[in-house]
Amino acid sequence: MIHILGRTWGLLLFLLFLPTDVSAQQNQDETVCIQCHGGIPGAIGAPVRQWQGSIHQRHGVLCFHCHGGDPTDFGLAHSPERGFLGAPGDEDVPKFCGRCHVGVTEDYFESAHGQALGAGGPNCVTCHGSHAVQRATSELINPQDCTRCHEYGRAEEIKNAIAGTEAFISSLEGDVAALHRLGIDTSRLEGSIFSVRNEFRRLFHSVDVERVRNETDNFQQQLGVIAGQVEALQAELARRKVWGGAVVVLLILAGVLSLLLYKSYMEGKEG
Amino acid sequence: MGSRRLFLTTALGAIGAVLAFAAGWPVWRYLSPMEEPGEEERIALDREDVPLGVAHFFRFRGQPAVVLQSSPGVYYAFSAICTHLGCIVQWLPEQREFLCPCHAGRFSPDGRVLSGPPPRPLDSLPVTVVDNRLLIG
Amino acid sequence: MPKRIVDWLDLRLGIRDILEQNLTKYLLPRNINIWYTLGAVLLTLFALQFATGILLLIYYQPSPQEAFSSVQRIMNEIPYGWLLRNLHAVGSNLIVAVLLLHMLSALFMGSYKRPRELTWVSGFLLLNLSLGLCLTGYLLPWSQLSFWATTIATDAAGAIPLLGADLVGFLRGGTAVGEDTLGRFFALHVMGFPLLFGLLVAFHLFCVRRTGVSKPPFGPDYTPPKEHDRFHHEHHPGGIPFFPHYMAKEAGVISFFLALLVAITFFAPGLFIPPTANIPADPFVTPPGIKPEWYFLWAYQVLKIFPSELMGLAVQVVAMTLLALLPFIDRSPERRPARRPLFVALFICGIAIFVGLSIWGYFS
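As given, the protein sequences belong to chains A, Z and E, one line each in that order. When you read off a place in the first sequence, starting at 1, and then add 76, the result is the number in my numbering. When you read off a place in the second sequence, starting at 1, and then add 369, the result is the number in my numbering. When you read off a place in the third sequence, starting at 1, and then add 551, the result is the number in my numbering.
Check each hint, because a few of them may be wrong.
Stated by the list, open to error - Partial chain E-side listing against chain A, Cβ under 8 Å, derived:
| no. | residue |
| --- | --- |
| 1 | I583 |
| 2 | N584 |
| 3 | Q623 |
| 4 | S681 |
| 5 | G720 |
| 6 | G724 |
| 7 | G725 |
| 8 | A819 |
| 9 | V836 |
| 10 | A896 |
Stated by the list, open to error - Below, computed lysine-lysine pairings styled on DSS-like, alpha-carbon distance capped at 30 Å:
| no. | chain 1 | residue 1 | chain 2 | residue 2 |
| --- | --- | --- | --- | --- |
| 11 | E | K855 | A | K339 |
| 12 | E | K554 | E | K576 |
| 13 | A | K235 | A | K171 |
| 14 | E | K842 | E | K855 |
| 15 | E | K576 | E | K842 |
| 16 | E | K842 | A | K339 |
| 17 | E | K855 | A | K317 |
Claimed, not checked - Taking beta-carbon pairs under 8 Å as the criterion, some of the chain A residues facing chain E (in silico):
| no. | residue |
| --- | --- |
| 18 | G136 |
| 19 | R175 |
| 20 | R257 |
| 21 | A314 |
| 22 | I328 |
| 23 | G331 |
| 24 | S334 |
| 25 | L335 |
| 26 | Y341 |
It should be emphasised that the hints constitute simulated quantities derived from the structure, not laboratory data. Only a predicted model underlies this, so the values are computations on that prediction, with no experimental measurement involved. From the three backbone atoms N, C-alpha and C, an ideal C-beta is built for every residue, glycine too.
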């Protein structure tokens, strides 16, 4: 008896436990790039550590996606035949990043920033950083960083011009994240917001205050359409709560009445 | 005592009936066939709007879509929403391909992924040519 | 009309007698308390799991390619699919909580003792089977949570010497969690376990009915029942009828638990559904901070405390085996808590350790 029970237990038990350390993290990052560079102290290994926790790392953008080379073979990791590019020079940075970030790069090249490339103008990493790059926010426009090259005045104007739309975008992103948390399929909404955000950020990479002001209405309108869809979902959730609340009240009422009935039976028995 | 019990059982019965309906209705709806979305709306375009090698963007069932005449008389229509993150693709006439400006996803004129992160081809829409018009959907 | 139907059935099956014997003439101890209603609460909740489970099965697709999107479809497109899915998920958590309460009351009142050992053992197996249902059900939505919780849970079997690696592979149906894991977990969740579960519930209820309800060991007029050498059904002359008296009380408590279930489902569905449950499974990206469900936190923490996984596993096996075999270890007929100070002390310690480890596991 004991033996059988013990065994049943044992078998069930293996199914039951969810122990600890997540040791499978390696899968994703297990490129030869990281195996070598990750262990090197100083400047040669630093990019790996900076990249960890970056927006690129979180979205699965690995070393070779930008720098090329063969991430599976130590010998060919730095081979130009396998597309190894190494680190770009200052003037090549916009094209380097622009292989993926097509839209913003286009507008950047047309902007005063892009025109001044090679003559002291900023490239992508001047403002965004390189390996440790984070999700861009309008906080990248700030007195400390802008005044490294020029006065803050015009930058501040741009920042003010985009503030309303940027705030609208982040509040929508927050609302959509809250909906997603409840199991609502928000992929389409997220896509729409992403698309508008991308277009809008293209726009202000032109660093042209007039253009930003002129086109803001258009963006506000597009965001308004998305906000309408978000509000419709929120209204639906609120409606559900009303019905759920009503059922809860009815169930509690049924519980109280049942217990009163029980009491009346018990009193009847005694009386 | 009898009347109190009668009241209680009647009230419980009534609540039970309401709750039974509240439980039954969702199940009924859950099991009922859903209306087929989509069939209802089709869009007609003039063939002149879509010359050879030109992509024409339009709104289809509330979403951006594109129709393209890739070779004489051959039309392709797609949802213009990139399958990666939902940006709107552009048509590059010189390269003869679609480009998503967000992360450089490239699609061929028939919607296949050429390169970049999109996980699947552009969602294609049926096109029929009727006289001088293109019927989409 | 109803009378004619009953007459028709009565003539053939003698149902009036069955109903009488099991309802109006089925007498329960006069001092029966509210803890005795938890069995009925569990039956109701399980019935609800079966019903919602069958309905979910209509639209669910058990393949890695389809599973997540089919659950998304249930949640977003099928009318009221969200309701059934959330009821099923919240219900499973509520069931575990009520199972634990049901077990604690049986422990405190000593009702596991002779002649009710089989009721206890079948109940204990039902608890484990329920946890097995929870674990297998966890994988089915094929979310990040599903995938990694299952990976980690099956990985624990690897701590067993010699057999470990083979066992992990056997549980998963492959070296890693994948299509074949989903297949076997699905089969267990919707067929294997429910079938066993139904049989065990029937046996459990049969035991309860056959031996008779135990008298709560409280009050001045409680006297321990005589020990019998032969089968003896414990009668309660002068007790309260099961129907309509006690059933009204059960209906009341069931309503309150259903109210709780509906309240959580509508107002806090995220309570038992972590954010990673809304992201499709990705075998290449482990999400940070995967924690087991609250009812496995104690086990999770035990594994962390001990220097080797094997020791942690062994401690769990010993603890659970002791609990399973309790009626054969604690054999004194005394059931009054006041006269069992050692047991009550252990009982309180046990709860404190369970709660303490769970909280520790939650914050660690």
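Do the hints match the structure? See the list:
no.	hint	in the structure
1	I583	11 Å, violated
2	N584	13 Å, violated
3	Q623	5 Å, holds
4	S681	11 Å, violated
5	G720	12 Å, violated
6	G724	13 Å, violated
7	G725	15 Å, violated
8	A819	10 Å, violated
9	V836	5 Å, holds
10	A896	25 Å, violated
11	E:K855 / A:K339	50 Å, violated
12	E:K554 / E:K576	20 Å, holds
13	A:K235 / A:K171	25 Å, holds
14	E:K842 / E:K855	13 Å, holds
15	E:K576 / E:K842	50 Å, violated
16	E:K842 / A:K339	45 Å, violated
17	E:K855 / A:K317	40 Å, violated
18	G136	7 Å, holds
19	R175	23 Å, violated
20	R257	6 Å, holds
21	A314	11 Å, violated
22	I328	5 Å, holds
23	G331	3 Å, holds
24	S334	3 Å, holds
25	L335	4 Å, holds
26	Y341	4 Å, holds
Checked against the numbered hints above, the structure breaks hints 1, 2, 4, 5, 6, 7, 8, 10, 11, 15, 16, 17, 19, 21 and satisfies the rest.
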